[in-house]
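> Chains as they are written, first to last, in our numbering: chain L, 1 to 305; chain G, 1 to 305; chain U, 1 to 305; chain R, 1 to 305.
Treat the hints with caution; some may be incorrect.
[Claimed, not checked] Pair ranges (Cβ atoms, derived): (1) K216(U) - P280(R): 48 to 58 Å; (2) W219(R) - Q62(U): 19 to 29 Å; (3) D113(L) - S137(U): 20 to 30 Å; (4) V195(L) - S65(R): 51 to 61 Å; (5) S137(U) - G202(G): 21 to 31 Å; (6) K132(U) - D63(L): 32 to 42 Å; (7) Q201(L) - K108(R): 31 to 41 Å; (8) D113(U) - P280(L): 38 to 48 Å; (9) K258(G) - S65(R): 30 to 40 Å; (10) E102(G) - P105(R): 52 to 62 Å; (11) S133(U) - S65(R): 49 to 59 Å.
[As the list claims (entries may be wrong)] Over 12 Å on every C-beta distance to chain L, these chain U residues come out as not near it, computed from the model: (12) I40; (13) Y64; (14) P105.
[Unchecked claim] Taking lysine-lysine pairs in the PhoX-like style, the calculated list, with each CA pair at most 25 Å apart, reads: (15) K272(U) - K272(L); (16) K272(U) - K60(L); (17) K60(L) - K166(G); (18) K23(U) - K159(R); (19) K288(R) - K199(L); (20) K60(L) - K216(G); (21) K166(R) - K60(U); (22) K272(R) - K166(L); (23) K23(U) - K166(L); (24) K60(U) - K159(R); (25) K23(L) - K159(G); (26) K38(U) - K79(R); (27) K272(R) - K60(G); (28) K68(R) - K68(G); (29) K38(L) - K216(G); (30) K272(L) - K159(R); (31) K299(U) - K216(U).
Calculated directly from the structure, the hints in this document are not laboratory data. For each residue, glycine too, the CB sits at the ideal point set by N, CA and C.
Here is how the chains run, residue by residue.
Number of protein chains: 4
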Amino acid sequence: MRKFGIIGIGHVGVTIAYTLVTKGIADELILIDNNEGKAIAEQLDLEDAQARLDTTTQIKIQDYSELKDVDILFLTAGKIDAAKETGNRWAEFEFTNAMVKEVAPKIKKSGFDGVVIDTTNPCDAITQYLQKSTGLSQQQVFGTGTFLDTARMQRVVAKQFNVNSKNIAGYTLGEHGDSQFVAWSGVTVNSHPLVEFAKQQGKDLDYTALEEEIRKGGWSVYQGKGYTSYGIATCAVKLAEAVLSNAQLECPVSCYDKEFDTYIGQPAVIGKNGIEYVNPVALTDDEKAKFKNSAETIKSKFSTM
Amino acid sequence: MRKFGIIGIGHVGVTIAYTLVTKGIADELILIDNNEGKAIAEQLDLEDAQARLDTTTQIKIQDYSELKDVDILFLTAGKIDAAKETGNRWAEFEFTNAMVKEVAPKIKKSGFDGVVIDTTNPCDAITQYLQKSTGLSQQQVFGTGTFLDTARMQRVVAKQFNVNSKNIAGYTLGEHGDSQFVAWSGVTVNSHPLVEFAKQQGKDLDYTALEEEIRKGGWSVYQGKGYTSYGIATCAVKLAEAVLSNAQLECPVSCYDKEFDTYIGQPAVIGKNGIEYVNPVALTDDEKAKFKNSAETIKSKFSTM
Amino acid sequence: MRKFGIIGIGHVGVTIAYTLVTKGIADELILIDNNEGKAIAEQLDLEDAQARLDTTTQIKIQDYSELKDVDILFLTAGKIDAAKETGNRWAEFEFTNAMVKEVAPKIKKSGFDGVVIDTTNPCDAITQYLQKSTGLSQQQVFGTGTFLDTARMQRVVAKQFNVNSKNIAGYTLGEHGDSQFVAWSGVTVNSHPLVEFAKQQGKDLDYTALEEEIRKGGWSVYQGKGYTSYGIATCAVKLAEAVLSNAQLECPVSCYDKEFDTYIGQPAVIGKNGIEYVNPVALTDDEKAKFKNSAETIKSKFSTM
Amino acid sequence: MRKFGIIGIGHVGVTIAYTLVTKGIADELILIDNNEGKAIAEQLDLEDAQARLDTTTQIKIQDYSELKDVDILFLTAGKIDAAKETGNRWAEFEFTNAMVKEVAPKIKKSGFDGVVIDTTNPCDAITQYLQKSTGLSQQQVFGTGTFLDTARMQRVVAKQFNVNSKNIAGYTLGEHGDSQFVAWSGVTVNSHPLVEFAKQQGKDLDYTALEEEIRKGGWSVYQGKGYTSYGIATCAVKLAEAVLSNAQLECPVSCYDKEFDTYIGQPAVIGKNGIEYVNPVALTDDEKAKFKNSAETIKSKFSTM
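Go ahead and model the full structure; you've got the sequences and the hints to work with.
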């Protein structure tokens, strides 16, 4: 039986819930939110959908004790308005920090011993803080991190060549935030190394501009719809499925890095334990420096928590 | 190739879009909204999701000429805030009326000749108005109507007996609004006629209260989350799939009734032409009177459009 | 985590396996067959598929000890050739009887404590025998029974009226074999009682012929393809999903009947415990007699096991 | 509306049919086989399944005129027994050659103008012959070719490192037959070039043995189950979905190569036209020689047709 919990059912949380229900992924789903009326309404709306779906999901709300045997817990609480004003995810810090302080003990108390997937912002810092405050292992707690920024890189690069974004390989690494970067040296387009391929095709790519478009991908979506939901929810659900099926699937996520002693977006292998192991990929010296810089940025901000 | 259009990408429209994309139902999808920034943002967010999905959907925005060969067009534009203030879907009338006046000629001009599924409020009147103003046939234009209210009836009755809502048969009929009613005489629970079954089980059901819970189902969801999305979007997508596969699937929807010369929620068979035929079911005299009353309510309100 | 086991990977078993893998339903899947080479080949073939699917299923073979924490165990071993010669499922009796004698102790020894769904023939007798010989509860062990024959009734009746088989309600009851019968009194077509509706439509239905077409549905498929697989596998998977999600879904299946002290096809509610409870539906006296006759047929054949 | 045709409903064809039906991918499906009884039986079995599925697919059989507006036509007729005796796909040549001679004029006559996906053996030669004899364009006609052998390479390599086969990139190229080869220079494991990575991990891989395991992957499956079905059907369906959604998805398939004037397995981009363009990838000199050798093998065998 697949049992999921979601703490925070704003746009991201509830899109995850809808995805789990409409695709028949979840057998049981626990929704928790500070706004009880919202939890009741989302449960009703999802239950209205179920008479029209082929599958059934048991939905319960507001009960932390149900987390005891949850397999995957999504932490999605956020305060998007704070970030919107500034265009910087650290603006949500104060809110999410307080939120984690509130929920971590409750998670701990429930006896939860599954895997936590964190989508909150600033993702790397909050995920680390969550791991420390719940006492769950570093394997069990990870963040979506640059899995979404990598999807954005795939979208942006694919558009340059009119190819499918699923055929773009490579990574956006580092902070799920301003210090992130694309490791261009490893990006491929239909199996061709990007940089060479662009030259062959007579395309004069402005990598700085592309990187800005990727980095500001969330911001572009925010500006138009006031939040982001579909990209991030799809990423989170994919990671959850990898855990449940012990898929040993490699994806860039926010996980603990020993060298820099911080959570940071980097390739890792996802399985039943959450993070099975980190999978460091070859970087140029310049990319290594960017990774270090991003790690230090996260750390210094984290130290103020 | 399955090609869908959505006019109005508020909460309902975009949930339909996400469902079509995340479940791989749509090959091509056209999004149109008065707020171009919103259309751009939703396209970006859905494209961010696609690098993580197994299927691909081509998404285009803001181009009415693309409707020419669209198979299914969802009309979902609404102004939920108007309805929220009053708890009555007719409060959206002025807005949606003006919206239809604006979009109908554009649909017509595009050469669109597929099926329109309307989810806007007041659903019956707007669907009828849309049919008339586009010149599309009465078969081609129908509304979700009481398909959603029937799902709510299934949810509410199922909960009384702790059974699955998919095992509740029967209909909510009439207006997708206050004059709707449940045809209790035909409702069954796990194949048992409800009224007898409740007695056998020693359950003293308050049908008036249940009906109020069903009728106010949307309102309950509105109050908690500010809109409804998952139930209605799931209903709309199910109807669209029935059209595409020529499923001859019987569902209660808002369609034209000859006797009362109005669109109204009643069972009909859905296939490649949209409404294949109306499927009138047995009603008690009391239920017939309620149906007539609901039809007259819709008509009288429609006459003011 | 959803963990499934399948004992017997002939056409039915392996179609169940493929369905669980291709639709991403199973996280882990254990395949067991007397023919080890077949088990190895099916595992390879399913693993070849997985590089092209979005989801991952861990597949293991031939290890009874893995059944310990399996949620759903399908028993699908059969010897179709025996039945083919005679057109009677009891012809498989000797083979499946011996098979159950062989596998029941191994299931027991594994510590398995989930739900068994049996598709073998003669279904009712073998399911009962399996329940007794494993010591699992009557709730935990049930057969697909007339769930498939009911689907065939839906298909056959739907074709008479050119409607969707999903809109045909009612049941085929009794033995998954020659003594089965359709409870015509409860069959509905698009919510209309069948018998009246046919008259209204001026259709002079030959119920005996229809029932023969339904009863011989499996035989018709056998004759053309040498076995049946898609109908039965789809039924079995649907029941499994109902157990996993504790769906409280009502379906006709082969389960224990107290009055007649035998397993027999009748409506029951499916949930996390397997059979939650039997849901007897109204029958005419004639139908009651047929049910009794069918029960006695099963019992008398069972007594020879 | 998505309309598919399948000519040849042996194990591969009918598994494709079941996949299209059970996943709700097809709105309409035409099954054609020399054995009419088999076609009738498969239609019945698939229709038995549909009362239990959420989606509907219209299934028709044995009518070539229905191919007129089919979007995707699968050619899957084969004579596996011939190949089994020898372990060589060319042994099916005589049968499939005769089959194509029979069906090509019928396809042509129907007015079919969609995309053909060929899974028959010997795949490259038969696909080319089919293209020539139908007069359809080289874009419209392609074969699954080494898309399946690439999946097998992914499976075999993944197992060496206990990683997910979806994280293995690279290609098996050339003939879907004995002269195929793995382009090891481009294979990556979790983004690491295979050859280096294996060394780093202290793994001494025997590439010749791995290649033999890949090449004989089909043979291994044949030996255990008497045919292959799940891997190949999943590959074929994935390609079909790429065509329908104009996905511009890069995959290795059997398509026309100008340099060698033959169909051969190589990376190409799949979209609404079928083969949008060939996407040649970097090869070592040794790999180039193997590709040339494989092309010549196909050509010389083709010349005997």
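> Next, verify each hint and record whether it holds.
We went through each hint and held it up to the structure:
| no. | hint | verdict |
| --- | --- | --- |
| 1 | K216(U) - P280(R): 48 to 58 Å | holds, 56 Å |
| 2 | W219(R) - Q62(U): 19 to 29 Å | holds, 21 Å |
| 3 | D113(L) - S137(U): 20 to 30 Å | holds, 29 Å |
| 4 | V195(L) - S65(R): 51 to 61 Å | holds, 52 Å |
| 5 | S137(U) - G202(G): 21 to 31 Å | holds, 27 Å |
| 6 | K132(U) - D63(L): 32 to 42 Å | holds, 40 Å |
| 7 | Q201(L) - K108(R): 31 to 41 Å | holds, 38 Å |
| 8 | D113(U) - P280(L): 38 to 48 Å | holds, 43 Å |
| 9 | K258(G) - S65(R): 30 to 40 Å | holds, 37 Å |
| 10 | E102(G) - P105(R): 52 to 62 Å | holds, 53 Å |
| 11 | S133(U) - S65(R): 49 to 59 Å | holds, 55 Å |
| 12 | I40 | holds, 21 Å |
| 13 | Y64 | holds, 21 Å |
| 14 | P105 | holds, 27 Å |
| 15 | K272(U) - K272(L) | holds, 23 Å |
| 16 | K272(U) - K60(L) | holds, 16 Å |
| 17 | K60(L) - K166(G) | holds, 19 Å |
| 18 | K23(U) - K159(R) | holds, 23 Å |
| 19 | K288(R) - K199(L) | holds, 23 Å |
| 20 | K60(L) - K216(G) | holds, 21 Å |
| 21 | K166(R) - K60(U) | holds, 19 Å |
| 22 | K272(R) - K166(L) | holds, 17 Å |
| 23 | K23(U) - K166(L) | holds, 20 Å |
| 24 | K60(U) - K159(R) | holds, 13 Å |
| 25 | K23(L) - K159(G) | holds, 23 Å |
| 26 | K38(U) - K79(R) | holds, 20 Å |
| 27 | K272(R) - K60(G) | holds, 16 Å |
| 28 | K68(R) - K68(G) | holds, 22 Å |
| 29 | K38(L) - K216(G) | holds, 16 Å |
| 30 | K272(L) - K159(R) | holds, 17 Å |
| 31 | K299(U) - K216(U) | holds, 22 Å |
Comparing the model with each numbered hint stated earlier shows that all of them hold.
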